[in-house]
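Protein chains in written order, with the working numbering: chain A, 1 to 192; chain B, 1001 to 1192; chain C, 2001 to 2192; chain D, 3001 to 3192; chain E, 4001 to 4192; chain F, 5001 to 5192.
A few of these clues could be false.
To be verified - Selected chain C positions facing chain D (in silico; Cβ < 7 Å):
{"#": "1", "residue": "F2034"}
{"#": "2", "residue": "E2048"}
{"#": "3", "residue": "A2051"}
{"#": "4", "residue": "A2054"}
{"#": "5", "residue": "Q2136"}
{"#": "6", "residue": "V2138"}
{"#": "7", "residue": "A2164"}
{"#": "8", "residue": "L2168"}
{"#": "9", "residue": "N2174"}
{"#": "10", "residue": "L2186"}
As the list claims (entries may be wrong) - Below, in silico cross-link-like pairs of lysine-lysine (DSS-like), each with a Cα-Cα straight-line distance of 30 Å or less:
{"#": "11", "chain 1": "B", "residue 1": "K1031", "chain 2": "A", "residue 2": "K62"}
{"#": "12", "chain 1": "A", "residue 1": "K100", "chain 2": "C", "residue 2": "K2007"}
{"#": "13", "chain 1": "D", "residue 1": "K3122", "chain 2": "E", "residue 2": "K4007"}
{"#": "14", "chain 1": "D", "residue 1": "K3122", "chain 2": "D", "residue 2": "K3068"}
{"#": "15", "chain 1": "F", "residue 1": "K5007", "chain 2": "E", "residue 2": "K4062"}
{"#": "16", "chain 1": "F", "residue 1": "K5100", "chain 2": "F", "residue 2": "K5122"}
{"#": "17", "chain 1": "F", "residue 1": "K5100", "chain 2": "F", "residue 2": "K5068"}
{"#": "18", "chain 1": "C", "residue 1": "K2016", "chain 2": "D", "residue 2": "K3007"}
{"#": "19", "chain 1": "E", "residue 1": "K4100", "chain 2": "D", "residue 2": "K3100"}
{"#": "20", "chain 1": "D", "residue 1": "K3062", "chain 2": "D", "residue 2": "K3031"}
{"#": "21", "chain 1": "F", "residue 1": "K5062", "chain 2": "B", "residue 2": "K1007"}
{"#": "22", "chain 1": "F", "residue 1": "K5007", "chain 2": "B", "residue 2": "K1122"}
{"#": "23", "chain 1": "E", "residue 1": "K4007", "chain 2": "F", "residue 2": "K5068"}
{"#": "24", "chain 1": "A", "residue 1": "K16", "chain 2": "B", "residue 2": "K1062"}
{"#": "25", "chain 1": "A", "residue 1": "K7", "chain 2": "B", "residue 2": "K1007"}
{"#": "26", "chain 1": "C", "residue 1": "K2100", "chain 2": "C", "residue 2": "K2062"}
{"#": "27", "chain 1": "B", "residue 1": "K1062", "chain 2": "B", "residue 2": "K1031"}
{"#": "28", "chain 1": "F", "residue 1": "K5100", "chain 2": "F", "residue 2": "K5062"}
{"#": "29", "chain 1": "B", "residue 1": "K1031", "chain 2": "A", "residue 2": "K7"}
{"#": "30", "chain 1": "D", "residue 1": "K3007", "chain 2": "C", "residue 2": "K2062"}
It should be emphasised that the hints constitute simulated quantities derived from the structure, not laboratory data. For each residue, glycine too, the CB sits at the ideal point set by N, CA and C.
There are 6 protein chains.
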Amino acid sequence: MSQPAAKRFPAPSIDKLPEDIRTRLLTVQEKSGFIPNVFLTLAYRPDEFRAFFAYHDALMEKEGGLSKAEREMIVVTTSAANQCQYCVIAHGAILRIRAKNPFVADQVAVNYRKADITPRQKAMLDFAMKVALEAQEVSDADFTALAAHGFSDDDIWDIAAIAAFFALSNRLANVTGMRPNEEFYLMGRMPK
Amino acid sequence: MSQPAAKRFPAPSIDKLPEDIRTRLLTVQEKSGFIPNVFLTLAYRPDEFRAFFAYHDALMEKEGGLSKAEREMIVVTTSAANQCQYCVIAHGAILRIRAKNPFVADQVAVNYRKADITPRQKAMLDFAMKVALEAQEVSDADFTALAAHGFSDDDIWDIAAIAAFFALSNRLANVTGMRPNEEFYLMGRMPK
Amino acid sequence: MSQPAAKRFPAPSIDKLPEDIRTRLLTVQEKSGFIPNVFLTLAYRPDEFRAFFAYHDALMEKEGGLSKAEREMIVVTTSAANQCQYCVIAHGAILRIRAKNPFVADQVAVNYRKADITPRQKAMLDFAMKVALEAQEVSDADFTALAAHGFSDDDIWDIAAIAAFFALSNRLANVTGMRPNEEFYLMGRMPK
Amino acid sequence: MSQPAAKRFPAPSIDKLPEDIRTRLLTVQEKSGFIPNVFLTLAYRPDEFRAFFAYHDALMEKEGGLSKAEREMIVVTTSAANQCQYCVIAHGAILRIRAKNPFVADQVAVNYRKADITPRQKAMLDFAMKVALEAQEVSDADFTALAAHGFSDDDIWDIAAIAAFFALSNRLANVTGMRPNEEFYLMGRMPK
Amino acid sequence: MSQPAAKRFPAPSIDKLPEDIRTRLLTVQEKSGFIPNVFLTLAYRPDEFRAFFAYHDALMEKEGGLSKAEREMIVVTTSAANQCQYCVIAHGAILRIRAKNPFVADQVAVNYRKADITPRQKAMLDFAMKVALEAQEVSDADFTALAAHGFSDDDIWDIAAIAAFFALSNRLANVTGMRPNEEFYLMGRMPK
Amino acid sequence: MSQPAAKRFPAPSIDKLPEDIRTRLLTVQEKSGFIPNVFLTLAYRPDEFRAFFAYHDALMEKEGGLSKAEREMIVVTTSAANQCQYCVIAHGAILRIRAKNPFVADQVAVNYRKADITPRQKAMLDFAMKVALEAQEVSDADFTALAAHGFSDDDIWDIAAIAAFFALSNRLANVTGMRPNEEFYLMGRMPK
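With the rest of the complex left out, here is chain A:
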């Protein structure tokens, strides 16, 4: 690939990376067939890399009341509001795969209010967008509204924490000029 992982910061050479980071990169490469640019970009700062992915995994990989597809919906919806090209395109691919649905990622990226999702998922995204865009106005009424859809306080923490983590991630991607790998655009779009 001739394009850099990020426009404004150099990706370090993989063989000079600390052992744990190189191992993570090679593992993801083996599993996915390529190294997503977020790994290469953040490897420029090993300590931040480690904290970023530890946080990411704590929110996105653990068990809980939200399905993995729902977590990716939060990522795609709030990242589109933040106009983060990398996150919308990369996590759009993951959402299509996890939801086994070739349409939902583009729908929520443009306007989640009109997406083919459940009322419970719309309430989840309403709250995620409030956290992303005006968290200072979150109130007890938001918790009550989410509880009415069956969300526990722990689910609410998860929704908020995912939206908050991608508030961080979107900003890093926009500042570094992180590029979505070309592989992401087509992933999960084919009917099986």
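With chain A held as given, fit chains B, C, D, E and F onto it using these hints.
Then chains B, C, D, E and F, alone, in the frame of chain A:
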């Protein structure tokens, strides 16, 4: 103290926390005389706690082109834009102490454009606010403007990463209803 | 297809449409293999249908200084700003085909400032977005800036008129609840 | 009149216009005593002129549940929000005449919420403004609220389509620098 | 007149007002032929009435570098941005009279950027709008830009103070529901 | 003190001020131990000074349904929204003293929704912020909501008038570059 660490989530009992987290809490308590509520609130989720503070320390404690007071200025300024009570009041205290200046924290919290800081620091805060509020518009021109004030690309990463990390932190504090400890209000206000 | 063309208004039966409108629908169906939902939705109002497509064709199909791919770029970029699901997804497909580029539509939909397009195209989209979002601030300086990229006054009219026409179109689609046909999602994504 | 019809594009010479357009201009001139500048400005592009006025007439001249004065109220209110000088001043005149009311146009142009209109008309304008300014948030609840004031789905289409059509019109007027004819300022202001 | 001076607060009976206030009301009535509703509305609070008009007169009636018509332009432009019906309609009348121009008030009320005014007046209104809408961003650069148009520091104070005073006045009018007297609508519109 | 009262306008020499203004300055100096910079800055314009403080006293010093601490809460909250350094810091001090509470000023300055105040006070500040930021949308429903918390129409006038008066004051302070005196930062922070 009769008030909870956060309004909407319970702080776990310190003696039931994992060893590494309990140790960190006790260490900060010994050093500061109290446990800042961000530690108690995030201890509700040990894995997120660990990633959060690892990220925080990687950005705020390391050496680099920005002074520690300047990093706190970024925190206070962007957290005020996000209306995060905990972060403005707690980091306002740290900024007063690190800058040895009883006025600057209140000044940047209300309107950094009018604060008694250097033109270089204003340029730093202009960029931090752009990252906090409209990172999608960051462009090469921002890097050029910062370079004209002597900021290296690594400094720019630091400014952006601190603003981005507190984009996360501010949202968590606003959703959980995290309270600033009363000790923070007066810290660093007295002439020595 | 089980889903209606638009959520909130019924599509008329094709065999009851006025002759000219039925002919247009059948022609597009023969050419594309399906009838895009904008045709079915607007057929509910024959006079508006005729005016809408006459306007559309006058702007999108004629010769001129903007390539057809560039016109679709304007559509996708401004429609994303207006959160119009139908227009982003349908015209995203057309853009991919006209630009012979499977990536550009998703890039401009999320953040045109970071898309792999020329500086001239960025200036074109800067202006299109100004027309879409704050046309009241358009000034002679915008014309000067565009002229510096080689745009004639007629090109500027075209950019503005396309952005203005989709200001209309996006609003109709959002109010009627117009749905993108499933065919659009995958069109133009495959390397040939 | 020494001032051009529009600041940034030349009005074509009337005697060189296509026959149908020249006829329309002369007809309106005979009826009104002058040619409103929107006709002269758009005549620069005959195909767009034809589509524009066909669309305009389909929305503004036909029978339906909205009175002609109410349609003009939608135009003036949303055009003021878009800061379109031509549309507010020209359609303000038409509104005064159609409503036989010398006050209502200035009232809705400044703040429709405080105008001397019926609650049903305020609901109509609330929705028109939502279409003008944030159509992406239109939901079924808006339809329900309008139905409670007696608006049919066809009326709702009309409100939305008028607001959407003037979203287009306002942008064209602001980009071309279209000037309100001086005749409009005083029309309909005199008690009869 | 059957309509109250303000929708939400009663106007006091003129003969029960303090002497100085009654005298002012009768004087303006004699001069204008009617009592503008701002006098009747604010008379509800005699001390505030006195301070309000003392402030008003100090800014609007004194000599200085701005013509009286220019001061009214500031009022109409910023009051339109604040959607204050009373101020736009009442001061629009005064502006027409003071400028001896039947068009300028409607032009600046809708979009001052397109009004038939001088570049110096546009710079004055750019600054007045900045004071009205985002005074926190006023900087030395604004003073420099105004100086380039020949404005002294005292002129700048005047522009800012008028915009600031009507920030107060617009808010009072919107909260009390102050109504423009019908006399204002036609004043100054006739060629002499 | 080496810093001027305001950055962009000179403070007049106290001994050259008109007698009434000099007396007021000396009185406040005797009472407070220093002359707050708002007095020195506005003394540049004696007539405006007199009107300003007459208005201020009419709103802030009289008896009424709002406590003096509540009035200062309105000032601090709305002045923070307007990013007025002088008003937040100076009135923050007064609020701490009048409320006998060292925490409340910083709390409402950052995010009044999370402050340790009563629901009645939150409703008061919700309305004050609406007046400060979007007074054009004030409606009868706001009066009803406030009445439910026991506010009379006169109280509502007071809330609105204080928010409106500081809309003026904040703009003057931001334009003149008024500086908070250093004395304010620490006032009212000590437990007694």
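Checked hints:
1. Residue-level restraint check for C/F2034 is violated (minimum Cβ-Cβ distance to chain D is 24 Å; threshold 7 Å).
2. Hint status for C/E2048 relative to chain D: holds, with the closest Cβ pair at about 5 Å, below 7 Å.
3. Evaluation of the C/A2051 hint against chain D yields a held restraint, the C-beta minimum of about 4 Å falling below 7 Å.
4. Against a cut-off of 7 Å between C-beta atoms, the interface hint on C/A2054 holds, since the closest Cβ of chain D lies about 4 Å away.
5. With its C-beta approaching chain D no nearer than about 4 Å, C/Q2136 sits inside the 7 Å limit, and its interface hint holds.
6. Satisfaction of the interface hint for C/V2138 is found here, the shortest Cβ-Cβ separation to chain D being roughly 5 Å, below the 7 Å cut-off.
7. With a least beta-carbon distance of about 4 Å to chain D, the hint placing C/A2164 at the interface is held under the 7 Å criterion.
8. At its closest, the beta carbon of C/L2168 sits 4 Å from a beta carbon of chain D; the interface hint therefore holds under the 7 Å criterion.
9. Checking C/N2174 against chain D by beta carbon gives a least distance of about 4 Å; that is within 7 Å, so the hint holds.
10. The beta carbon of C/L2186 comes no nearer than 25 Å to any beta carbon in chain D, farther than 7 Å, and the hint placing it at the interface is violated.
11. Simply put, B/K1031 and A/K62 have alpha-carbon atoms about 34 Å apart, too far for the 30 Å limit, and the pair is violated.
12. Of the pairs offered as hints, the one joining A/K100 and C/K2007 holds, with about 24 Å between alpha carbons and a cut-off of 30 Å not exceeded.
13. The suggested pairing of D/K3122 with E/K4007 holds, with an alpha-carbon distance near 17 Å, which does not exceed 30 Å.
14. A hinted pair counts as satisfied when its Cα atoms are at most 30 Å apart, and D/K3122 with D/K3068 qualifies at roughly 16 Å.
15. Taking the CA atoms of F/K5007 and E/K4062, the gap is near 25 Å; set against the 30 Å cutoff, the hint holds.
16. With a C-alpha separation of about 18 Å, the suggested pairing of F/K5100 with F/K5122 holds against the 30 Å cut-off.
17. Taking the CA atoms of F/K5100 and F/K5068, the gap is about 11 Å. The hint holds against a cut of 30 Å.
18. For the hint linking C/K2016 to D/K3007, the alpha-carbon distance of about 46 Å lies beyond 30 Å, and the restraint is violated.
19. At roughly 27 Å between alpha-carbon atoms, E/K4100 and D/K3100 fall within 30 Å of each other, so this suggested pair holds.
20. Taking the CA atoms of D/K3062 and D/K3031, the gap is about 19 Å. The hint holds against a cut of 30 Å.
21. Taking the CA atoms of F/K5062 and B/K1007, the gap is near 37 Å; set against the 30 Å cutoff, the hint is violated.
22. For the hint pairing F/K5007 with B/K1122, the CA-to-CA distance comes to about 17 Å; that is within 30 Å, so the pair holds.
23. Proposed proximity of E/K4007 and F/K5068 is supported: the alpha carbons are some 28 Å apart, at most 30 Å.
24. Between A/K16 and B/K1062 the alpha-carbon distance is near 21 Å, which keeps this suggested pair within the 30 Å criterion.
25. With a C-alpha separation of about 42 Å, the suggested pair A/K7 and B/K1007 falls outside the 30 Å cut-off, and the hint is violated.
26. Under the criterion of a C-alpha separation no larger than 30 Å, the hint pairing C/K2100 with C/K2062 is consistent with the structure, at around 20 Å.
27. Our distance criterion of 30 Å between C-alpha atoms is met by B/K1062 and B/K1031, whose separation comes to about 19 Å.
28. Straight-line distance between C-alpha atoms of F/K5100 and F/K5062 comes to about 20 Å, which keeps the hinted pair within the 30 Å bound.
29. The straight-line distance between the Cα atoms of B/K1031 and A/K7 is roughly 42 Å, outside the 30 Å bound, and the hint therefore fails.
30. Between D/K3007 and C/K2062, the direct Cα distance comes to roughly 25 Å. Compliance with the 30 Å bound is thereby established for this hinted pair.
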